[in-house]
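Trainee: For chain A, the structure is supplied; the task is to place chains B and C on it using the hints.
Protein chains in written order, with the numbering used here: chain A, 182 to 473; chain B, 1442 to 1776; chain C, 2 to 292.
These are computed hints drawn from the structure, not numbers from a lab.
Using N, Cα and C, we set each Cβ at its ideal position, and we do this for glycine too.
Just to be clear, a hint being listed does not mean it is correct.
Claimed, not checked - Quick look at which bits of chain B chain A covers, simulated, 3 or more residues with Cβ under 8 Å:
id: 1; stretch: 1667 to 1677
id: 2; stretch: 1759 to 1771
To be verified - Partial list, computed: chain C residues near chain B (C-beta under 7 Å):
id: 3; residue: 98
id: 4; residue: 130
id: 5; residue: 132
id: 6; residue: 254
Unchecked claim - Below, a sample of chain B positions facing chain C; criterion: calculated Cβ distance under 7 Å:
id: 7; residue: 1460
id: 8; residue: 1585
id: 9; residue: 1718
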Amino acid sequence: MRAVLDIDDLHLRIGRMPVLRGVDLTVEAGQVHGLVGESGAGKTMVGRAVLGILPSAARITDGHVTFAGIDLINLPAASRRGLLGRRMSMIPQDPMTALNPVYRIGRQLTDVLRHSLGLGRQAARQRALELLEQVRIAEPGRVLRQYPHELSGGMRQRVLIASAFACGPEFIIADEPTTALDVTVQREILRLIRKLQQDKGTAILFVTHDLGVVAKICDRVSVIHSGRIVESGTASQLFAVPQHPYTKALFAATPRYDRPGNRLVPVPRQLTLRLLEDAAAYDQRRRMLRHA
Amino acid sequence: MSGSYFLRRLLLAVPTLFGVAVIVFVLLRVVPGDPIAMMIPPGAGADDIENLRRVYGLDQPMLVQFTRWLSDVARGDFGVSINLRQDVGRLVLSRLPASLELAVVATALAVLSGGLLAIAGVYWRGRWPEAVVDGLTGLTLAIPDFLWGLVFILVLGVLLPVLPISGRLDPRQAIAFSSQFYLAESLLRGEFRVLGMLFTHLVLPAAALALPLMAVIARMLKTSLSEAMTQDYVLVARVKGFTRGRIILREALRNAMIPTVTLTGVQFTFLVGGTVLVERIFSYPGIGNMAIGAVISRDLPLIQGLILTFAALFIAINLLVDLTTVMLNPRVRHG
Amino acid sequence: MAEWVRRSASRGGLWRALAGNGRVVFGGIVALVLVVVAVAAPVLAPHDPLRQDLLDSLLPPLWAGGDPRYLLGTDGLGRDIFSRLIFGARIALTVAVIAASLAALLGTLLGLMAGYFGRWVDTIISRLVDIWMAFPPVLLSIVLVAVIGAGLQAVIIAIVIVDWTRFCRVVRAEVLVQREQDYVTSAVTIGLSRWRILLGEILPNLVPVLLVLLTLEMGIAVIVEAILSFVGLSLSSDFPTWGGLIQEGRQYVYQSWWIMGLPVACIIVVVLGFNALGDGLRMVLDPVMRR
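Chain A extracted, bound-state conformation:
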């Protein structure tokens, strides 16, 4: 298999706080790679480091990120912008805030098409209509003329998915794309992402805290804890025989539809402590990341 994205020993600090402490991760072409971890584990920062949209206080201190053979860390900002939208994109976490409230859906879908693919106004509109159909939105013509506040959360997320796939990127980062949605909508959105991904052969780094979601959509999985990948493997491997004690603990803390009635066990604190140098640092990093 060909690797689309290769992250090698990535270190990142926010202020003086180490957030990523040597992340290794490889996403292969056409695959969905899950990145699982608790809040504060640094999983969102991995995605933002790859896209180059880190908060201003964040600094990459060490490591490599290679996308399709391109060194992303030392890439000039202009060249990075050339990749964004066209060759890699993102499905954001909260569809309620990720669309600009003052513009119509049409503008927010066509702008990236016109910018990245250089389409004309008519061509971009035509393409936007097709995209909306692909994400199974009825009456795409009407939706193009609507404002975000006129659409439901699920509809908005479909629009954002259409926007992410718009220019046919090789790689997409999906940052908890279903967390803000309710459960029934969640399942449809997951199925939609999976279908589009398979049709177009797009690789996805799927960031989530939910092992249930991982089971539904991912080919491979990496478990991140305290800024480090503690275990990596195919989804079936990991679900069948989790190796690392933290992964096992994570399973124990996840509700399972296939085993109703099993007791949920919180991740033991001692385990967490062993993985980290000290507890204070752990609490502090969780606080930092929440505010970052």
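Mentor: Quick look at chains B and C alone, frame taken from chain A:
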């Protein structure tokens, strides 16, 4: 939020205007100085004075005077200026265009410069241009238009005499325009020499008026822009590969304008109020300058007419500000 | 004890915080100099500010090669500008202190009532504030002085009548917040009277806000006084007011720009000083209000 909303706002303006009218009227009737005394030639007898009183209705009880004045005003008759002996409505209308042109140019200057400062401050966030923007807004916010006018006269009119400091046009310039909107008319007629002259006379008073408003706009817009730049839709735009400049101008700006317009609306009425003094300082022939003259000469009908004009302008501005906010915000527009 | 006093831990801590704030220090120095100059005007001024000497009119300041007897030159009637500026400070300070305090008193009282009593009291006062806001403030004060008749008293009354709304609006909004606080509820439950609660419990908590507003209002009062004497509605032009000097200097601005320039500079320094002091106090006294 549709036509009926504005109709309601418009109707609410009526009692406010009425309140203004009452207060102005009552205030001016307790003037100790006798306006008639100032306009009679020396040597006039008591009969002449009585005659004049009757002509201007000043011999009637106050309530009668008020109802008569109010019904006249409702018919568009603002009375006759005691001092200038002309119809007040016509006098005000002849000076209003000059003031409106001044206020519009000043507003344009304030919005443009305030907007640019805010955008520059956000674009170069954390670097020296931001510090310059903050320092500039702090300074311009502290000093009122009156003082800016005087500083401009001193610095740009006298010490480096680059601009004229009084009037609207060079007194030797003869023009044959059909309206008092000289600036607009010279532009339409393509008389660019006159336009240039109007502009050099306008730029200092307009700048004096604009600076405090510019500071308010710059500060408000910068805060709102910084806030908008932290939103998720900006993150999405960054991932679309847009440049920082494009994101500020085309994603964040319109969102940031909504709170800015609302909060600077009140400040904008201060600009219109400020024309009174600034026109005086620059001997600019607008209604503000006329108002001070009318107060000094105790020209009751003219003062009443002018204050009502100002109050109406203030209320109109507030309505306009509301309208703009609604236009900018689709959620309110459709709600 | 009001919360802001407790929050600043001790008096000593408060003073240290004030002295550590650059704005407070700058504004404090300006205010102090203004007070000293105003109080000691007769001692500091080398000449009688009213004494005319037409033979010595329009002399340039010393730095521009003027007469050594007149440090900053003379005006059109040969009066010493330096002395007139010093006595002008006296008038500026008098107006600033008296007008700002009275405006604060009136506005605070009405604001407290509107905020705490609510109902028709609030309706009337709020409506009044609305109507006030529909007037251009400068024009209103000019009209008022014309009505009352020129003079220092008229200027002060005009400022009070125009600017009480600044205090009223802020105090009303603040009371609306404070009345929901627990300390007010407990004062109500132990049966304190409404005025007692308003003046004894709520008012002390408004002190930081009022102090800031008062300082800013003093700066505004100085400007309004200058404006009114500039227009010719304050004291007669014999009196040495800064605004009067500006008005006179405007006529000679091409020959002797400093006659206008010096009082303008004085006003700007004083206004910046009061502004800095107000901003600084806001930062030190009320961290919550800091924006």
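Trainee: All hints, please: hold or fail.
Mentor: To see whether the hints hold, each was checked on the structure:
1. 1667 to 1677: holds (count 5)
2. 1759 to 1771: It holds, with 3 qualifying residues against the three required.
3. 98: Constraint on residue 98/C not satisfied, violated at 20 Å.
4. 130: At about 11 Å, which exceeds the 7 Å cut-off, the nearest Cβ of chain B leaves the hint on residue 130/C violated.
5. 132: Result: holds, 4 Å to nearest chain B Cβ.
6. 254: holds, 5 Å
7. 1460: Constraint on residue 1460/B satisfied, holds at 4 Å.
8. 1585: At about 6 Å, which falls below the 7 Å cut-off, the nearest Cβ of chain C leaves the hint on residue 1585/B intact, so it holds.
9. 1718: Hint on residue 1718/B: holds, closest Cβ of chain C at ~6 Å, below 7 Å.
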